[in-house]
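Colleague: Next come the chains, spelled out residue by residue.
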Amino acid sequence: MHRDTGTPPLFALVDVNNFYVSCERAFNPRLAGVPVVVLSNNDGCAVSRSAEAKQLGVKMAAPWFQMQGLARQHGIVALSSNYALYGDMSNRVVSVLRDFTPDVEVYSIDESFLRVEHLQHLYRSRSALGQAIRQRIAQWTGLPVCAGFGTTKTLAKLANHLAKTDPAWDGVCDLSAMDDMARQGAMEKLGVNAVWGVGQRLAARLEPLGIRTVWDLANADPTRARQRFGVVLERTVHELQGISCLELDDLAAPRQQVMATRSFGTEVSSLAALREAVAWHVDSAATRLRAQGSVAGAVVVFIQGNRFRPASPQGNAGHAGTVVPLEQPSGDNRVLTTAAWAGLQRIYRAGCSYKKCGVMLVELSARQQHQTTLFCNTADHSKSEKVMAAMDAINRTWGRGTLRTAAAGLSQQAQWAMLSEHRSPRYTTRWDELPVAR
Amino acid sequence: MAKYGMPLLLPLAAHRVPAGFPSPATDYAEDGLDLNGYLVQHPAATFLFSVQGHSMQGAGILDGDKVVVDRSVPARHGHIVIAVVDGEFTLKRLYQRHNRLELHPDNPAFPPIRLTEGKQLEIWGVVVGVVRRYRV
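Taken in sequence, the protein lines are chains A and B. If you're matching positions, the first sequence starts at 1 in our numbering and goes up one per residue. If you're matching positions, the second sequence starts at 439 in our numbering and goes up one per residue.
Pulled out of the complex, with its shape left as it was, chain A reads as follows:
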């Protein structure tokens, strides 16, 4: 889709600083300057931290109950996640970016890649373009963003990392505009795990080879990188050297798996309650499965004990999971639920208490493509599709969970439903929760 005009590619990565916290602050001026954390589903652990909270030593994914002392001492404000708000604000940011260029890849809820080589001549410099993006998003949505520019996606991501961590950049860093000395200096200062796709574990394996900094990796031999670590790292080395290997994924590829999981509000030990929760997750995952036009070939079900608590007399439940292959790929909640329950039966241990469960639909294929078996009843099959289509239509109109399989439970407040004690109002999506002005 990119007109080949001979202009070398230029990528930008734009991401929102402390996204969830910044969304909360946009609608609650009292949170300015105060240490704020947003907690994960079920108020389990910190998933977004303000700069003040980071300074106090609150770590990413730190369990909230371990932070209570620190929170009281410093007045840390903890909020439950408000996904309705974050989703809406994320869409707004993306639509502002699309006003700059249609070449946008939404990489996650708070980051997007842009192709900008056809845009840069409109601005004094790339930094000026970056500042224009920053300014527009701040004005239109109230959210602070950083922008990184590079000739490859990996370099753009690295530039963004620099812009975010060093205030001297004023939120915009352009690696492609630095001279060689400056770029080398910046790369030598960063540990290799700052590179996109290089995690702690890979960094530990690179260390014995003398590859400690980003600069070391940029100077590694790509062929040897492939031989030892595979094609992904070879590509990363190329990209660090300025050879673009990764394009924008203009069209989001259908997901290869669909997952639904959540912690329980309180620990659960009865099989009946687990079955109810598993069925609810199947409903949720299957809805997304059908929305992308897929069917699943197998169902993975897993349950997990409390990892913050030592083993109970019955033994620690730990993590248990199993895969249940389906005779025929299916998108039918009833088929998938039956399979998930069969799996659950296998891994459940009476007397243990569980903190979390989930299902994953895997071996996905397009709905029309799958082969039927000799014993498949085609009439049953098209009837099943109609029932599911009707169910999805009703749930879209009346809200999720209006119509579901009875297996998913009928109680309004099932004991495993999500805890969200400190959730802020859904300011942008509910008439009765709008922000108030006096």
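For the record, the hints were derived by calculation from the structure and aren't laboratory data. Among these hints, one or two may not hold up.
Claimed, not checked - In silico SDA-like cross-links for lysine to any residue, where the CA-CA straight-line distance does not exceed 25 Å:
#	chain 1	residue 1	chain 2	residue 2
1	A	LYS355	A	VAL324
2	B	LYS504	A	PRO435
3	B	LYS504	A	SER424
4	B	LYS504	A	ALA84
5	A	LYS59	A	VAL34
6	B	LYS504	A	GLY87
7	B	LYS504	A	VAL436
8	B	LYS504	A	ASP88
9	A	LYS189	A	HIS238
10	B	LYS504	A	HIS238
11	B	LYS504	A	ASP432
12	B	LYS504	A	ASN91
13	B	LYS504	B	GLY491
14	A	LYS164	A	ASP216
15	B	LYS504	A	TRP431
16	B	LYS504	A	PRO425
17	A	LYS54	A	GLY199
18	A	LYS164	A	GLY242
19	B	LYS504	A	ARG438
20	B	LYS504	A	GLU433
21	B	LYS504	A	ARG25
22	B	LYS504	A	ALA138
23	B	LYS504	B	ASP544
24	A	LYS59	A	SER80
25	B	LYS504	A	LYS164
26	B	LYS504	B	LEU541
27	A	LYS164	A	LEU119
28	B	LYS504	A	TYR83
29	B	LYS504	A	ARG423
30	A	LYS189	A	ARG205
31	B	LYS504	A	ARG426
32	B	LYS504	A	LEU31
33	B	LYS504	A	PRO29
34	A	LYS54	B	LYS504
35	B	LYS504	A	LYS59
36	A	LYS54	A	LYS164
37	B	LYS504	A	LEU434
38	B	LYS504	A	GLN139
39	B	LYS504	A	THR429
Guided by the hints, dock chain B onto chain A, whose structure is given.
Modeller: Showing chain B alone in chain A's frame:
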């Protein structure tokens, strides 16, 4: 995505089809009126606020009204704005003359807010519309 019964909105040409001559009105089938389009110029920058109190009564904004706030509009003297004063959202008219920056209510019972030294004024957005529904 539209596989599962998403409603498809089609413009309706509301006339009978006579055998013989086609109606000349067919070419003028319209989309109808959309209040979003009327009230919202920049969807990504537009937010709704709920109004509490009577300070902007004179401007025709009443307790319980919803106001349409467009953040993309630069605030100027005379605009009705959402401002942040002492950590709260307030709805007032922006007064920006003779080196003075003030927030004026539109109700004689309320005093204007004068920005004294050290007091921060943040304009959150500019009000571009008001919505009211009557219970019938």
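Colleague: Compare the structure with each hint and give your call.
Modeller: How the hints compare with the structure:
{"no.": "1", "hint": "LYS355/A x VAL324/A", "verdict": "22 Å, holds"}
{"no.": "2", "hint": "LYS504/B x PRO435/A", "verdict": "10 Å, holds"}
{"no.": "3", "hint": "LYS504/B x SER424/A", "verdict": "19 Å, holds"}
{"no.": "4", "hint": "LYS504/B x ALA84/A", "verdict": "20 Å, holds"}
{"no.": "5", "hint": "LYS59/A x VAL34/A", "verdict": "17 Å, holds"}
{"no.": "6", "hint": "LYS504/B x GLY87/A", "verdict": "22 Å, holds"}
{"no.": "7", "hint": "LYS504/B x VAL436/A", "verdict": "9 Å, holds"}
{"no.": "8", "hint": "LYS504/B x ASP88/A", "verdict": "19 Å, holds"}
{"no.": "9", "hint": "LYS189/A x HIS238/A", "verdict": "20 Å, holds"}
{"no.": "10", "hint": "LYS504/B x HIS238/A", "verdict": "54 Å, violated"}
{"no.": "11", "hint": "LYS504/B x ASP432/A", "verdict": "11 Å, holds"}
{"no.": "12", "hint": "LYS504/B x ASN91/A", "verdict": "22 Å, holds"}
{"no.": "13", "hint": "LYS504/B x GLY491/B", "verdict": "12 Å, holds"}
{"no.": "14", "hint": "LYS164/A x ASP216/A", "verdict": "22 Å, holds"}
{"no.": "15", "hint": "LYS504/B x TRP431/A", "verdict": "9 Å, holds"}
{"no.": "16", "hint": "LYS504/B x PRO425/A", "verdict": "16 Å, holds"}
{"no.": "17", "hint": "LYS54/A x GLY199/A", "verdict": "21 Å, holds"}
{"no.": "18", "hint": "LYS164/A x GLY242/A", "verdict": "21 Å, holds"}
{"no.": "19", "hint": "LYS504/B x ARG438/A", "verdict": "12 Å, holds"}
{"no.": "20", "hint": "LYS504/B x GLU433/A", "verdict": "12 Å, holds"}
{"no.": "21", "hint": "LYS504/B x ARG25/A", "verdict": "21 Å, holds"}
{"no.": "22", "hint": "LYS504/B x ALA138/A", "verdict": "23 Å, holds"}
{"no.": "23", "hint": "LYS504/B x ASP544/B", "verdict": "17 Å, holds"}
{"no.": "24", "hint": "LYS59/A x SER80/A", "verdict": "17 Å, holds"}
{"no.": "25", "hint": "LYS504/B x LYS164/A", "verdict": "37 Å, violated"}
{"no.": "26", "hint": "LYS504/B x LEU541/B", "verdict": "20 Å, holds"}
{"no.": "27", "hint": "LYS164/A x LEU119/A", "verdict": "23 Å, holds"}
{"no.": "28", "hint": "LYS504/B x TYR83/A", "verdict": "23 Å, holds"}
{"no.": "29", "hint": "LYS504/B x ARG423/A", "verdict": "23 Å, holds"}
{"no.": "30", "hint": "LYS189/A x ARG205/A", "verdict": "19 Å, holds"}
{"no.": "31", "hint": "LYS504/B x ARG426/A", "verdict": "15 Å, holds"}
{"no.": "32", "hint": "LYS504/B x LEU31/A", "verdict": "24 Å, holds"}
{"no.": "33", "hint": "LYS504/B x PRO29/A", "verdict": "20 Å, holds"}
{"no.": "34", "hint": "LYS54/A x LYS504/B", "verdict": "37 Å, violated"}
{"no.": "35", "hint": "LYS504/B x LYS59/A", "verdict": "40 Å, violated"}
{"no.": "36", "hint": "LYS54/A x LYS164/A", "verdict": "14 Å, holds"}
{"no.": "37", "hint": "LYS504/B x LEU434/A", "verdict": "9 Å, holds"}
{"no.": "38", "hint": "LYS504/B x GLN139/A", "verdict": "21 Å, holds"}
{"no.": "39", "hint": "LYS504/B x THR429/A", "verdict": "14 Å, holds"}
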